[in-house]
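Take these sequences, add in the hints, and give me the full structure.
Protein chains in written order, with the numbering used here: chain S, 729 to 1101; chain R, 4 to 255.
Warning: the hint list may mix true and false statements.
As the list claims (entries may be wrong) - Just some of the chain S residues that point at chain R, by a computed CB distance under 7 Å:
(1) Gly996
(2) Glu999
(3) Ala1000
(4) Ser1003
(5) Leu1004
(6) Gly1005
(7) Met1006
(8) Asp1010
(9) Ile1015
(10) Pro1018
(11) Gln1019
Hints listed in this document are in silico derivations from the structure and should not be mistaken for laboratory results.
Computed from a prediction, not measured in an experiment: that's the story for all the values here.
Glycine included, C-beta positions come from ideal geometry on N, C-alpha and C.
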Amino acid sequence: MIARSLTWSRHNLFGKPFDVLLSLTVIPGTLWLIYQAVAWAVGMAQWDIIPQSLRVLMIGIFPADQAWRSWVAVAIIAALLGAALGCVFAFRTRHAGFLALVLAILVSMTGVNTLAALTAVLVIFASAWILTSYVPMSRRVLIPASFTGLIAIFAVMSPPGAGLWGGLLLSVLLTLVTAVLSLPIGVLLAFGRRSRFSSLRMISTAYIEVMRSVPLILVVYWIWILMPVLTPELNLADVVRGMVGFTLFYSAYVAEYVRSGLQAVPRGQTEAARSLGMSEFDINRSIVLPQALRVVVPPLVGNVLDIFNAAPLVFIIGLTDFLRAGQMILANPQYGNRTYEVYSFLFFTYFLVGSLITFVARKLEAHLARGSR
Amino acid sequence: MNTIVDMKNLNKFYGSHHVLKDVDLSVSRGEVVVVIGASGSGKSTLIRCVNGLEMYQNGSLLVDGYQMPVEEDRLLGGEKELVAIRKGVGMVFQQFNLFPHKTVVENITIAPMRVRKKSKDEAEATALKLLERVGLKAHAYKYPGQLSGGQQQRVAIARSLAMEPHLMLFDEPTSALDPEMIGEVLDVMRELAADGMTMMIVTHEMGFAREVADRIVYIDQGAILEIGKPDEFFDNPKNDRARSFLARVLKH
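Okay, here's the thing in structure tokens:
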């Protein structure tokens, strides 16, 4: 073992003179940085601010006595994510141990008063995962279930006022709603751009190109100021207007990913289906689209990560997402000297969610590569 | 009505390039017609016109009792006959073109279920029967990617047969196959011909052409130069270019 690691470092770290030089500067430098960071995190940092302000970080200014509503929303999200996961990776017993570990970490961070709720959420997550892992029939209802789930979340979260949504939950909801809604719109736009009908083709192309040539923040702002003019009687909340802006913007990107997938499907597939007498609608739905989506699932998952990382931009229309919630806590003079603690927490949470999505995307890519020819 | 395909003065252009020139050809029910010619001669284009995968600009084309609309009409939405024609005309491609995300059985049942509105059970029963006929019943629930080229092409033939076609088009069905797999596909086609299926075949397999064809059509630069019985055509071609073509391909 030691001999092997010595050989490895001899080959990879100290092979040539330049390697030696590089290794001798980079390795100690990195170790020093890590040491400094850990020393600060363990010795000087005062982490008590995180559990104290955890509710604000997670749900923003959503009223504390209504917090059960956000737990229900989290449970629905957990069920949907678990069900989606089960379609790709079958649940195994060792995953239960992993989930127990996650529970232990979360409870140790947040305190025992959330134990029951957290356990319930993880149990729901695992149940949905197990359900779609072993009951293939249940996978068919995933798409209707996710739309129903989103509507249910809106229904349960709305009574105290959609203007009160905030924190990490808002970031996640914004990402979910945008990801779920931009997919069908993007698919329609992608087909529109390839349509035989010039009018459809021109409209889709114009839409996609316009959206892709302007900044997200501008689109979100535009939608925010336009919606009250266009739909004065609806009186939509800022949150909804933000979601509409995000969805309209990201649909254009989804459309381009899907279009690249459509182009990757060989012409022969369409010709074979046509020669069998299938209608263009059936051909697109059953032959072309499934093959195209299979190609673009990894970039689409990457797109979800993009959405999540762009979510803090909703501060422009006055929403309190996760990042903004952190800043809000720091605005309290009492906590003025805890800047680094709060930003470290934000950094690691974003990093954790982001790397989780990347990890799933990579697994998905491998899984799909195995499934095809 | 014994004629299933009737082309009269059929012309096709790719832009200014004249691909098919005043083609006249009729095929009777039960007949096997083999189209041969050098690559780029327009032979694939010719049979792809029959089920409307290629559009033609003028002339007339009657397939299975329906008039195939010309390009102008199709672009203006006159495509009703097209669906009717395709229901009765099967096609087998050089690259097989099986649907890779569907199992062998699903490949065969999708069109009967969607187009002919057959029940799943009925379509599957037919599919299994057809797979038995092409010797692939054991592979029914595999994906195309798990099969060899010859097996995939036999599935493609079964897929077309599931629509109970009156006419089968074969566009170089063995050209993408390894030599040892050509035989198994040709055997299936031989049996089809023996069962009385009407077939239009584009192929480079001259021995096979001579054996199964009722008539050979020789095409060069988009024009039919000679049509004749296989023995006459191969032993004593009348056209000069056909003669030099045969000299080139039969040398090996």
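Inset, instruction - Hints the structure violates: just list their numbers, smallest first. - result: Per hint list: zero violations.
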